Amino acid sequence: MLGWEFPPFISGGLGTACYGLTRAMDQLDMEVMFVLPKMVESKYATHVKLLTPGSHKSTSFLKFDELKNVQFHAINSSLLPYTTPETYQQKIEETLRLKQEMFGGSVSSASQLFMSKDYSGDMYTEIHRYAALAAELAEDERFDIVHAHDWMTYPAGIAVAAISGRPLVVHVHSTEFDRSGEHVNQMIYDIEREGMHRADKVVAVSHFTRNLVISRYGVSGDKVEVVYNGVERSGKWLMDDTVIDKDEKIVLFLGRITMQKGPEYFLQAAKKVLEVIDNVKFVMAGSGDMMHRAIEMAAGLGIGHKVLFTGFLRGEDVQKIYKMADLYVMPSVSEPFGIAPLEALDNDVPVIISKQSGVSEVLTHALKVDFWDVNEIANKIVAVLKYPPLQMTLRSHGNFEVRRLRWKDAAAKCKKIYEEMLIPV
Amino acid sequence: MPSVCFYFQVHQPVRLRHYTVFDKNDHYFDDNKNGSICRKVANKCYLPANRLLLDMIRRFDGRFRISYSVTGLLLEQLERYSPEVMSTFDALAETGCVEFLAETYYHSLSFLYSRNEFVEQINKHIEAINYFFGQKPKLFRNTELIYNNDLACLIESMGCFDAIITEGADHILGYRSPNFVYQPKGCNHLKLLLKNYSLSDDIAFRFSNRDWAQWPLTAEKFAQWVSNVNGNGNVVNLFMDYETFGEHQWEDTGIFNFMRHLPGEVLKHPDNNFKTPSEVIQSYGSADEVDVPHIISWADTERDLSAWLGNAMQSNAIHELYRIEKKIKSTKDEKIIADWRKLQTSDHFYYMCTKYFADGDVHKYFNPYDSPYDSYINFMNVLDHLHKRCSVETDDGALGSASGIENLPDLQPVE
Numbered sequence: 001m002l003g004w005e006f007p008p009f010i011s012g013g014l015g016t017a018c019y020g021l022t023r024a025m026d027q028l029d030m031e032v033m034f035v036l037p038k039m040v041e042s043k044y045a046t047h048v049k050l051l052t053p054g055s056h057k058s059t060s061f062l063k064f065d066e067l068k069n070v071q072f073h074a075i076n077s078s079l080l081p082y083t084t085p086e087t088y089q090q091k092i093e094e095t096l097r098l099k100q101e102m103f104g105g106s107v108s109s110a111s112q113l114f115m116s117k118d119y120s121g122d123m124y125t126e127i128h129r130y131a132a133l134a135a136e137l138a139e140d141e142r143f144d145i146v147h148a149h150d151w152m153t154y155p156a157g158i159a160v161a162a163i164s165g166r167p168l169v170v171h172v173h174s175t176e177f178d179r180s181g182e183h184v185n186q187m188i189y190d191i192e193r194e195g196m197h198r199a200d201k202v203v204a205v206s207h208f209t210r211n212l213v214i215s216r217y218g219v220s221g222d223k224v225e226v227v228y229n230g231v232e233r234s235g236k237w238l239m240d241d242t243v244i245d246k247d248e249k250i251v252l253f254l255g256r257i258t259m260q261k262g263p264e265y266f267l268q269a270a271k272k273v274l275e276v277i278d279n280v281k282f283v284m285a286g287s288g289d290m291m292h293r294a295i296e297m298a299a300g301l302g303i304g305h306k307v308l309f310t311g312f313l314r315g316e317d318v319q320k321i322y323k324m325a326d327l328y329v330m331p332s333v334s335e336p337f338g339i340a341p342l343e344a345l346d347n348d349v350p351v352i353i354s355k356q357s358g359v360s361e362v363l364t365h366a367l368k369v370d371f372w373d374v375n376e377i378a379n380k381i382v383a384v385l386k387y388p389p390l391q392m393t394l395r396s397h398g399n400f401e402v403r404r405l406r407w408k409d410a411a412a413k414c415k416k417i418y419e420e421m422l423i424p425v
Numbered sequence: 426m427p428s429v430c431f432y433f434q435v436h437q438p439v440r441l442r443h444y445t446v447f448d449k450n451d452h453y454f455d456d457n458k459n460g461s462i463c464r465k466v467a468n469k470c471y472l473p474a475n476r477l478l479l480d481m482i483r484r485f486d487g488r489f490r491i492s493y494s495v496t497g498l499l500l501e502q503l504e505r506y507s508p509e510v511m512s513t514f515d516a517l518a519e520t521g522c523v524e525f526l527a528e529t530y531y532h533s534l535s536f537l538y539s540r541n542e543f544v545e546q547i548n549k550h551i552e553a554i555n556y557f558f559g560q561k562p563k564l565f566r567n568t569e570l571i572y573n574n575d576l577a578c579l580i581e582s583m584g585c586f587d588a589i590i591t592e593g594a595d596h597i598l599g600y601r602s603p604n605f606v607y608q609p610k611g612c613n614h615l616k617l618l619l620k621n622y623s624l625s626d627d628i629a630f631r632f633s634n635r636d637w638a639q640w641p642l643t644a645e646k647f648a649q650w651v652s653n654v655n656g657n658g659n660v661v662n663l664f665m666d667y668e669t670f671g672e673h674q675w676e677d678t679g680i681f682n683f684m685r686h687l688p689g690e691v692l693k694h695p696d697n698n699f700k701t702p703s704e705v706i707q708s709y710g711s712a713d714e715v716d717v718p719h720i721i722s723w724a725d726t727e728r729d730l731s732a733w734l735g736n737a738m739q740s741n742a743i744h745e746l747y748r749i750e751k752k753i754k755s756t757k758d759e760k761i762i763a764d765w766r767k768l769q770t771s772d773h774f775y776y777m778c779t780k781y782f783a784d785g786d787v788h789k790y791f792n793p794y795d796s797p798y799d800s801y802i803n804f805m806n807v808l809d810h811l812h813k814r815c816s817v818e819t820d821d822g823a824l825g826s827a828s829g830i831e832n833l834p835d836l837q838p839v840e
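Protein chains in written order, with the working numbering: chain A, 1 to 425; chain B, 426 to 840.
Check before you lean on any hint, since a few could be wrong.
Derived lysine-lysine pairs resembling BS3-like cross-links, with alpha carbons at most 25 Å apart [to be verified]: (1) B:Lys813 - A:Lys271; (2) B:Lys780 - A:Lys355; (3) B:Lys754 - A:Lys355; (4) B:Lys813 - B:Lys760.
Calculated from the model, a selection of chain A residues having no Cβ within reach of chain B, i.e. all distances over 10 Å [what the hints assert, rightly or not]: (5) Leu28; (6) Val32; (7) Ile163; (8) Pro167; (9) Ser180; (10) Asn185; (11) Gly221; (12) Lys272; (13) Ile295; (14) Gly304; (15) Thr310; (16) Ile321; (17) Leu367; (18) Glu376; (19) Val382.
Derived from the structure by calculation, the hints contain no laboratory data. This structure is a prediction, so every number in the text was calculated from the model and none was measured. Backbone N, C-alpha and C fix where the C-beta goes; we use that ideal spot for every residue, glycine too.
Bound conformation, chain A alone (with noise of 0.2 Å):
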C-alpha cells in the first residue's frame, strides 16, 4: 500500500483514512506494506521526522504494536544506494527544468503553487522520487496487490504494479476538481487521469466522487468501486472534566480554510444567524490558503468579533473544541467524503453538511444543506441552537449511526474487491 501520510503527522483527513483502512485490514488478518515517503524540509516540519524505521515505535500515539501485520517502510532517498548524489541532483535539476517549462515561470512561482496546497514543497520532484524508490523496494518484496492512495502516489504505484506485475488499485480520497473547482492544476488532472486509467480497479470514497472520476476522467463505470470511510471511535469520554460554563453557543467549522472547504459560505451564514440570535460564537478551527481572506471577510461583515480563528488543530485540541461546540458545519462545495462529521457526531456534536459531499450519502441524522444557500445554512443553525429538542436529536441519532460505520466493513470490502482481481480469468 502506497500512502502519502500516516497520523499522527497528518494535514488532512488522507492521513486518518490510511490509519482506519489498515488498522482494520490489519485486524482481518490481512498482511500490508505501507509504503511512505519521508519527505523533504518544508515549513511542516512535523512532516519530516517521520517514521524512520527505527523511530515509529516510540510513538505512543499511534500503537503500532497493535498494527500485527501492517509493515512500515519510510523511503529515505540519501540511505538509498542505488543512486549517487550527483545523479540524483541531475534528476532533480531535470525535472525542475521541466517543470520551469511546463509553467513558464520560474521555479519560485511553481512551488508557491503547490505550497497553496498545504503539502510541502516541491511535490512533483517528490512524487517521481517516491515512484522510483517504491519501485525498487518492490523488486525485493513479496506482495499480490497494488493499493495507491491518492494522486501523489499513483505514479508510485504504476511503477510498482509495472514492476511486480501486481494489480493496481488506485484509491480515490479527493480530486483535483474537489480542491480547486473549475481551475484545475493540469499536471495533477494528468497524474490522477493515468493512475486511473491503469488502475485495474478504482475505489472511490463516495458514489459523488465515483460520478467525478467517471465523467471528469473517462474511467469506465465498471472499474470504479466505491468503499465509504469509516470513522475511528475515539472511545474518550471527557464529558465531565471539560463542562464549559458557557452562555455562548458555539458554532464550530473544522478543516482547512480552502476554496474547497466553502468557509465563506460559513462567514456569511454566520452573519446572517447574528441577525436573529445574538449569543452565539462561531469557530474556525484550522489553517489555509484562504485563511487571511476569511478574516478579512469576517471584519468587513462587521462580524469579527464574533469569529475565532483558532489555527490548525491536532490531537487533545480538536477533542477539546468538539465538546466545546454545539454544532459543526462543514460547508464545502465539493468534498469527496469528509470524515471530520463522522468525528464531531462521534463527540457528540450534531451537523450540519453540504450535500455536494460523499458523507451525506451515509449520514441520515444530519441537516443537509447546498453550501451555496446560505439562508438556509444559516435558518438550519438557528434552529439547532433554538430548539433544544432537535439539538438531542440530533445528537442521539445521528451518534448511534456513526457507531454503524466502521473501518471494518470498508476493508472487508477492499478485500473482496482484491480477492475478485486475484482470481485468474
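Chain A is fixed; fit chain B onto it per the hints.
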C-alpha cells in the same frame, strides 16, 4: 351471516411551504404543491374510485353500501382545486347507500391535548358534512383511529353519536374476534366497531405484494374469506385509506378491477350482505364490553402513538402548539385561528418521525420533506411566527418588530 362494512378514510393535509427563520410573511402553506397533489390524487384515486363505487351501488340496486370519513381540510381543498370530486361525492350521498362519519375537522390529535378544541373541531366537521352532503353523522372515528375508554366516554357525553370506530388490535381483544359489535367500557349506549385489520390490510397493504403467498388476490378468493366468517361473527369491518385505490395500490395492480368484482362475489353467497356502520349497529347487539385503558391507534405494527409522538422533536412541537391555544383564541382573529388549526393536522408530526427513517420505508413515501429534521425546523419556524402574530394582536403592535428568541420567553428559551 356476515355483513361487510366498508369505511374509507379520505384525507389530505395542507402542507407547509418552505419557511425559514428569516421569513416574515404570514402565508404558511404551499398552495401550489397542495393544489397539484390534490389534483393528482383526484385523478388517480378519488375520481375513478368514486365513479366505480357509484356504478356498483347503482348496479346492485342498493345492496352494495359503503361509508366515508372525509376530513374538513380535504373538503376545503377539493372545493378549491378539484370541484368535480365534490360532485361525485355528492352523487354518492344522494344514493342513500353511503354514510358519512364524523371526525376532527382538521384531522388533529387534539383529543390528547385539548378537550375543548377537540369538541369544537368535531362540531365543525359535523356542520361541514351536513352542509355538503345533508347528513348528520351518527358515528365517530378519531384521527388515526386513536382510542381509549376516555375517548368513548367523551364521545358518548356529546350526545349525538351512536357508535365509535377503532382498530381491532389483538391486545385489546385477546381471544375475541373483531367481527362483532362491542360496547366500550364505561359507556351506556355507545357501541364500538372494530377494524378487521387482517382482511383490511390484505386489500390496503398486501394486495400488490408479490412475495405474499396469497398473491394475486382475486375478488373470488377474498369473498371466500369473508364467507368463512359465517357462524363466527356478524360483521367484517374493512377500514382503510381511500388512497388505497389508485395511489397506494396503483391502477395497474388491478385494484379497481378487484373492487369491481368484489360486491358480486360477496353477494353470491345468500347469507352475505353489505351494511353501512349505522345499519350494522342497528342490526346487531353488542357481544361484550371492551376495556381500553391505554391509547391505541391503527398505525404501524406498534398500534400506538409513536409515529406522531415518538421522539423529542415531535412532542416538543405539539406541546408548544397547544400551549398557545388560549393566546390564539383570545385574538378572535379567524385567520390566525384557522392557521393554528391547520398546524394541528397529525401529518405534520408524522413527517418528524425518525422511527423508520434510516430504513427508508412507507413513512418516506408520504413525506414532502427530505428529513424529519427539516420538517421540525419548518414547523417550528411557522409556529414561532404565528405566535408572534398573536402577540402583535394582543399587545397592539407593541412587539411588532420582535425578532430573536429573547423576545419569546414562552417559546423554548435557549438554555
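Now the hints, each set against the structure:
no.: 1; hint: B:Lys813 - A:Lys271; in the structure: 23 Å, holds
no.: 2; hint: B:Lys780 - A:Lys355; in the structure: 23 Å, holds
no.: 3; hint: B:Lys754 - A:Lys355; in the structure: 41 Å, violated
no.: 4; hint: B:Lys813 - B:Lys760; in the structure: 14 Å, holds
no.: 5; hint: Leu28; in the structure: 26 Å, holds
no.: 6; hint: Val32; in the structure: 32 Å, holds
no.: 7; hint: Ile163; in the structure: 46 Å, holds
no.: 8; hint: Pro167; in the structure: 36 Å, holds
no.: 9; hint: Ser180; in the structure: 29 Å, holds
no.: 10; hint: Asn185; in the structure: 35 Å, holds
no.: 11; hint: Gly221; in the structure: 24 Å, holds
no.: 12; hint: Lys272; in the structure: 7 Å, violated
no.: 13; hint: Ile295; in the structure: 26 Å, holds
no.: 14; hint: Gly304; in the structure: 21 Å, holds
no.: 15; hint: Thr310; in the structure: 24 Å, holds
no.: 16; hint: Ile321; in the structure: 20 Å, holds
no.: 17; hint: Leu367; in the structure: 5 Å, violated
no.: 18; hint: Glu376; in the structure: 7 Å, violated
no.: 19; hint: Val382; in the structure: 5 Å, violated
Violated hints, listed in ascending order, are 3, 12, 17, 18 and 19; each of the other numbered hints is respected by the structure.
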